[in-house]
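Visitor: Each chain, letter by letter, is given below.
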Amino acid sequence: MRTESDVPIEKIDSGEETFRITTCPCTDDLTASIRSCGLINLPILRDRGSTFGIISGFRRVEACRQIGFSRIPARVVSRDLDESHCIRLAVTDNALQRPLNPLEASRIVTLFSRIHPDHAALAEASTLAGFPLHPAMVEKLITLGRLPHPVQEAVAEGFITLPVAMDLADLDPKGAVALTTLFDRLKLGFSQQRETILWATEVAGREDLSIADLLKEPALEEILNDSQSDRVQKSLGVRSYLKKRRFPYLVGREEAFKKCIKKLKLGADVFLLHPRDFEGPAYSLTLQFNTLEALSARKTTVDRILNDPDFKKFLEQ
Amino acid sequence: MSVSALYVHESVKDLPRVHHILSKLTVSHQIITDVRQAYADIMKAPDPIVKGKSALILTRNKGTFLRPCPGTRGYTCCGYRVLRVGTYCTMDCSYCILQAYFHPPILQFFVNQEDLMAELKSLFATRLIQRIGTGEFTDSLIWDRWTDLSRVLVPTFSEQSSCILELKTKTADVSALQGLRHNRKTLVAWSLNTPRVIETEERGSADLSARLTAAVRCQEEGYPLAFHFDPMVIYEGCEAEYAAVVDRLFASVNPENIVWISLGAFRFQPELKAIIRRRHPHSKLIYGEFIRGMDGKMRYFKPLRIRLYREIACRIRQKAPEVTLYFCMEDDEVWEKALGRIPPRGGGVKRMLDEAAIKKCGLKEG
Numbered sequence: 001m002r003t004e005s006d007v008p009i010e011k012i013d014s015g016e017e018t019f020r021i022t023t024c025p026c027t028d029d030l031t032a033s034i035r036s037c038g039l040i041n042l043p044i045l046r047d048r049g050s051t052f053g054i055i056s057g058f059r060r061v062e063a064c065r066q067i068g069f070s071r072i073p074a075r076v077v078s079r080d081l082d083e084s085h086c087i088r089l090a091v092t093d094n095a096l097q098r099p100l101n102p103l104e105a106s107r108i109v110t111l112f113s114r115i116h117p118d119h120a121a122l123a124e125a126s127t128l129a130g131f132p133l134h135p136a137m138v139e140k141l142i143t144l145g146r147l148p149h150p151v152q153e154a155v156a157e158g159f160i161t162l163p164v165a166m167d168l169a170d171l172d173p174k175g176a177v178a179l180t181t182l183f184d185r186l187k188l189g190f191s192q193q194r195e196t197i198l199w200a201t202e203v204a205g206r207e208d209l210s211i212a213d214l215l216k217e218p219a220l221e222e223i224l225n226d227s228q229s230d231r232v233q234k235s236l237g238v239r240s241y242l243k244k245r246r247f248p249y250l251v252g253r254e255e256a257f258k259k260c261i262k263k264l265k266l267g268a269d270v271f272l273l274h275p276r277d278f279e280g281p282a283y284s285l286t287l288q289f290n291t292l293e294a295l296s297a298r299k300t301t302v303d304r305i306l307n308d309p310d311f312k313k314f315l316e317q
Numbered sequence: 318m319s320v321s322a323l324y325v326h327e328s329v330k331d332l333p334r335v336h337h338i339l340s341k342l343t344v345s346h347q348i349i350t351d352v353r354q355a356y357a358d359i360m361k362a363p364d365p366i367v368k369g370k371s372a373l374i375l376t377r378n379k380g381t382f383l384r385p386c387p388g389t390r391g392y393t394c395c396g397y398r399v400l401r402v403g404t405y406c407t408m409d410c411s412y413c414i415l416q417a418y419f420h421p422p423i424l425q426f427f428v429n430q431e432d433l434m435a436e437l438k439s440l441f442a443t444r445l446i447q448r449i450g451t452g453e454f455t456d457s458l459i460w461d462r463w464t465d466l467s468r469v470l471v472p473t474f475s476e477q478s479s480c481i482l483e484l485k486t487k488t489a490d491v492s493a494l495q496g497l498r499h500n501r502k503t504l505v506a507w508s509l510n511t512p513r514v515i516e517t518e519e520r521g522s523a524d525l526s527a528r529l530t531a532a533v534r535c536q537e538e539g540y541p542l543a544f545h546f547d548p549m550v551i552y553e554g555c556e557a558e559y560a561a562v563v564d565r566l567f568a569s570v571n572p573e574n575i576v577w578i579s580l581g582a583f584r585f586q587p588e589l590k591a592i593i594r595r596r597h598p599h600s601k602l603i604y605g606e607f608i609r610g611m612d613g614k615m616r617y618f619k620p621l622r623i624r625l626y627r628e629i630a631c632r633i634r635q636k637a638p639e640v641t642l643y644f645c646m647e648d649d650e651v652w653e654k655a656l657g658r659i660p661p662r663g664g665g666v667k668r669m670l671d672e673a674a675i676k677k678c679g680l681k682e683g
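So the protein sequences, as listed, match chains A and B. Residues in the first sequence are numbered consecutively from 1, following this note's numbering. Residues in the second sequence are numbered consecutively from 318, following this note's numbering.
Source of the hints: derived by calculation from the structure; they are not laboratory data. All C-beta atoms, glycine included, are put in the ideal place defined by N, C-alpha and C. Check before you lean on any hint, since a few could be wrong.
Distance condition first, Cα-Cα at most 16 Å in a straight line; then the derived EDC-like pairs of lysine to aspartate or glutamate [said to hold, decoys possible]: (1) Lys312/A / Glu650/B; (2) Lys258/A / Asp310/A; (3) Lys614/B / Glu588/B; (4) Lys313/A / Glu650/B; (5) Lys654/B / Glu316/A; (6) Lys263/A / Asp308/A; (7) Lys244/A / Glu606/B; (8) Lys243/A / Glu606/B; (9) Lys667/B / Asp648/B; (10) Lys590/B / Asp118/A; (11) Lys259/A / Glu207/A; (12) Lys244/A / Glu195/A; (13) Lys614/B / Asp277/A; (14) Lys243/A / Glu255/A; (15) Lys11/A / Glu62/A; (16) Lys601/B / Glu207/A; (17) Lys590/B / Asp170/A; (18) Lys299/A / Asp277/A; (19) Lys313/A / Glu254/A; (20) Lys234/A / Glu221/A; (21) Lys601/B / Asp208/A.
Pulled from the structure, derived: some chain B residues nowhere near chain A, Cβ distances all over 10 Å [to be verified]: (22) Ala322; (23) His336; (24) Thr443; (25) Ala489; (26) Ala561; (27) Pro572; (28) Arg609; (29) Gly610.
If you want the footprint, here are the derived chain B segments under chain A, 3+ residues with CB under 8 Å [claimed, not checked]: (30) 593-604; (31) 640-653.
Here chain B stands alone, though its shape is the one from the complex (with noise of 0.2 Å):
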């Protein structure tokens, strides 16, 4: 999707990045002293949420950039951390939150760069092993065709050895990871789905072929690798599709080059289905059998996770053994029933991921 409406804060209209992102796109540009103005002018539309997609603020992050990722009560998280470099994204898949969380949703690109690289010398500073990623609120590549993000992120991460960047995409363009000095600390990682799902459900985003072609294109640049099963979603015949899914990964790339693959079956928070049902009303993802979690999300009922999971996490055991599975919010009632452990309390999964890093990326700590 191109940009169609453009607003350039007025206390960043000067910088040489903005020029640079200005330079880059077609459309001319509104100076605005409050994000309101943009607010106002995509609420006009009959679906903000579309609108938003195509509307881009170039603007200030006020707040830090690396947060710990927000988690979940009652499930288990892997405390990753979260490097704030936008929000929103161009892609309109029916299940994203993204839809619900933004009020209104609206592309901003944060230009203070001086200050997202401050943050991150801080980090790297204390030598910790930290696992970060830009693909929380947004998409991580979506921002490369416009901005010089990745040709910044990517380099700075290969100069310290105690963090690795996480790349998340439903993407197929890597051109901008091309030729950049990684060092093994940026790992690219996709969204993986079943064609079905990815053709009903994932609007705008890479069909499973060009994802996984993509992801050679960036094992043959060196870049260590990542896949995340996630928003796995029930249906009849599901398993075998996410079957033939698993045999597609491992038939394109390296088990050795993945330093993990997580699976997360398709949760939401209530407020979503109402947006789901009005914005997407072909779409049957809410007719699954969900109940409310623990969390106050709604998650498919437990059995049936477990069911999905044990199967396709069988599938990726016989074709990599030693691949780092786990799960995205799960308890230990679902790891013990679909992998046959428990991560120890007190940062398990932490530790497991962190060791895979380790292992893979070269981290060191101290």
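Bound-form chain A, shown alone (with noise of 0.2 Å):
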């Protein structure tokens, strides 16, 4: 049963946040239109005898504490109603008005993970509050819930993606922290983050390091802190450093490569080519002309190719 009353505001306990759905704080957008309009969506609030707690409005409490309102009115449910019922209240009450972000997402899985333990039975739950849900999102908004807060945070903040946050719920604590940190800093873009904590583990994994150690070693802080570097170029640098910490032979050899190109001055119309990871069965050369005395150009830079005993050697190794 929902009645409409007038309820002191020092009566609203804002600290038991059981229901609490919303990672958004309080912004003066809100509190303007409530100064403007009064509040057109009262709060559900729980009954609970001498004090009242918050089943959905957490936001709209808060604006009204903020303009100092001493009384608000809200909708008042008993507190013998069921916690079912009060979970419903709260997801359909957020759901229906604004799209929810993955970790608003995730508490609504916790709250009904609270009455349905099965998955399939907990999402039919939420679809039928609002929230549509399918059940093999369930485990991955459970397992978000778990996560450390700041990870949650990026999540909510939109810089870190759920597939990206599943990649570091497999991680220690710490390491996840500490890389989520660094994509924050970093401002990695989805790829890039999934590339970084894939060689940050197996290289941890590798060395028997954590993968928060690994991110605290000086090459790496000498990377971060370099005040000459924006933050691009130490993106880069920070991933040219990992990548090479754990492919040290393959980075080795296109080094190699590099040098050796770079020595043969090929020219803005030769391309020589290594096979993908030196893996594949040839080299690939590519030489443009328009004319014949232009091939005949690119045959001196052929020729040139073929003598080079730096790069007889290259292939040879």
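Got two chains here, separate frames each, mind docking them using the hints?
Guide: Written out as structure tokens, the structure reads:
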């Protein structure tokens, strides 16, 4: 049963966050809107005798406090209302207002998991409450809810995606936080984040290091603290360092090849490419020309390649 | 690992062979009409891959027993044929592709041996040289404790002269092979690795000493032998450790009795990586310097493979200059740089191995 009441604001316990779904703080926009139009959608409170708990409307209550209201209108439900009903009210009120971020979705799943241990039943209950959910997402969202807070916040803020968060969930919490901090600092994109996680995890696994310790190593600190480099250069530096640490021989071979190419001075019309990861059967040479004279000039370059002792040595290695 | 769950497909429940196998097992069995009933039980386990190693289905092979080895695109294949007697394995090697290959993984033994024999008879009738192995989808010798597999196959191959049967194993129990008429048409092959790799990655397998002792026993029984350094694992100091394995091998067996030795560095389907990480969290195998090969499998960076192959091939050559040495699934560059020769195109490796079998096992074509 819900009744509309005028509730003394000091009796509302905002510290009790059982049903909190929103990750958004109270904003000036919301405060301004309430000042101008009043509370259009009333918060839903649970009567607890001497105090009230919030089921939905955490930001609205906070805005009203900031404005200085002593009493606010609210929908009040009985203290006897069962928990599943309260969860449905919280979910529906949030889900129908705005798109929810993954962390908010995770909170919904965590709430429903208190009454529906089975993932399929949970997904169905959430869908009925206005937040459509596929059963396959349930486990991921539960995992997200168990991640360290800085990682959760990064997901809520949108600079870490759910797939990246799932990669981080496989790591020790300190490592996950250290990587999240790095991603925030360098503003790495999705694929760069995943690549960095992979390389850092595998270097740490191979060398019996923790990821947090790996990321604190002086060589990386030096790259990150280089005042001459911008964010893009630092990002490149960190990823190059990790790649070289993970694939020392492959990177060494790539560097040796680049050195050969540089020495050969092929020009803009001759392209010499190595097989991918030096695994395939053949190198390829492309010559661009538009006249026989130009082709003849390329021949000189080809001869230079053929007679270069360093390139010969490189191929024989 | 002993069998803890036993299933018999309804279609084979009355076969005498099935009763014979059941008499060797102490666990009670369940008759099933659909293998999915057994799969469902396996999938309930916290680790179905482990559960499947102690769950056995006796059933019929509805497909063909003899198949060409799947090989892999972009690398040189040896033209091997696989005799599919059963699936999966009781050992638990961290790198094993069978963890990812069967869905779900479960021990299956095919009891319709009459069909198997009919296929072999047709193959023998062609009188073409063929190398056939049972160790592709399972270990060749794990079945002998419950079945008469080797006791049937070895004498069958002994009665013809164009095909060789290769029994590949990581076990050391060769008692079932003793006293069998083989006529050198069965060769017994061991997968060899360094003691470190065996201890850390080949859970449940026999140690190196036991494998070599078993090889000596087979040699004494007159069986030709083969050895597979596969999968070779690259780690700091691996060259010296593999060289030491080579030394121990030749200190144990007569090189004259070795039909072939293969070398193959660890390679794997990308999806195996997550399985290894989950099931074998202490294994450092996946942290090697792997790149994606031409066939989509992950392989060690080629110069690292070549370096290891070159060193071990050289050691083998010192000990046994005449032994047939080949690579499983490598390209011309690796052959050239590690062995100094490239097998001729269009079946060069196949011919090389066929010739080795002709020479050491007395195979005859036609």
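Visitor: Does each hint fit the structure? Answer for all of them.
Guide: Taking the hints in turn, this is what the structure says about them:
At most 16 Å may separate the alpha-carbon atoms for a hinted pair to count; Lys312/A and Glu650/B meet this at roughly 15 Å. Of the pairs offered as hints, the one joining Lys258/A and Asp310/A holds, with about 12 Å between alpha carbons and a cut-off of 16 Å not exceeded. At roughly 9 Å between alpha-carbon atoms, Lys614/B and Glu588/B fall within 16 Å of each other, so this suggested pair holds. At most 16 Å may separate the alpha-carbon atoms for a hinted pair to count; Lys313/A and Glu650/B meet this at roughly 15 Å.
Distance check on the hinted pair: Lys654/B and Glu316/A sit about 8 Å apart at the alpha-carbon level, within 16 Å; holds. Between Lys263/A and Asp308/A the alpha-carbon distance is near 9 Å, which keeps this suggested pair within the 16 Å criterion. With a CA separation close to 11 Å, the supplied pair Lys244/A and Glu606/B stays within the 16 Å bound. This hinted pair checks out: Lys243/A and Glu606/B have alpha carbons roughly 11 Å apart, not beyond 16 Å.
Distance check on the hinted pair: Lys667/B and Asp648/B sit about 14 Å apart at the alpha-carbon level, within 16 Å; holds. Between Lys590/B and Asp118/A the alpha-carbon distance is near 29 Å, which puts this suggested pair outside the 16 Å criterion. Restraint check for Lys259/A and Glu207/A: not satisfied, since their Cα atoms lie roughly 30 Å apart, outside the 16 Å limit. Our distance criterion of 16 Å between C-alpha atoms is met by Lys244/A and Glu195/A, whose separation comes to about 13 Å.
About 13 Å separates the Cα atoms of Lys614/B and Asp277/A, which keeps this hinted pair within 16 Å; it holds. Taking the CA atoms of Lys243/A and Glu255/A, the gap is near 13 Å; set against the 16 Å cutoff, the hint holds. Our distance criterion of 16 Å between C-alpha atoms is met by Lys11/A and Glu62/A, whose separation comes to about 13 Å. Proximity of Lys601/B to Glu207/A is assessed by CA-CA distance (about 9 Å); at most 16 Å being required, the pair is judged to hold.
Simply put, Lys590/B and Asp170/A have alpha-carbon atoms about 14 Å apart, close enough for the 16 Å limit, and the pair holds. Of the pairs offered as hints, the one joining Lys299/A and Asp277/A is violated, with about 27 Å between alpha carbons and a cut-off of 16 Å exceeded. Proposed proximity of Lys313/A and Glu254/A is supported: the alpha carbons are some 15 Å apart, at most 16 Å. Annotation: proposed proximity of Lys234/A to Glu221/A holds, straight-line Cα distance about 10 Å (limit 16 Å).
With a C-alpha separation of about 10 Å, the suggested pairing of Lys601/B with Asp208/A holds against the 16 Å cut-off. Once the 10 Å rule is applied to beta carbons, Ala322/B is consistent with being away from chain A; the minimum gap is 26 Å. Separation of His336/B from chain A is adequate, the least Cβ-Cβ distance of about 43 Å exceeding the 10 Å criterion. No beta-carbon of chain A comes within 10 Å of the beta-carbon of Thr443/B; the shortest separation is about 34 Å.
With 10 Å as the threshold on Cβ separation, the claim that Ala489/B sits away from chain A holds: the shortest Cβ distance comes to roughly 32 Å. Separation of Ala561/B from chain A is adequate, the least Cβ-Cβ distance of about 24 Å exceeding the 10 Å criterion. With a cut of 10 Å on Cβ distances, Pro572/B stays outside the contact zone with chain A, its closest approach being about 31 Å. With a minimum CB-CB distance of about 7 Å to chain A, Arg609/B fails to clear the 10 Å threshold, and the non-interface call is violated.
Distance check for Gly610/B against chain A: the nearest CB is about 6 Å away, which does not clear 10 Å, and the non-interface claim fails. Counting residues of the stretch 593-604 of chain B whose beta-carbon sits less than 8 Å from any beta-carbon of chain A gives 3, enough to reach three: the coverage restraint holds. Interface restraint, the stretch 640-653 of chain B with chain A: holds (3 residues with C-beta to C-beta distance below 8 Å; minimum three).
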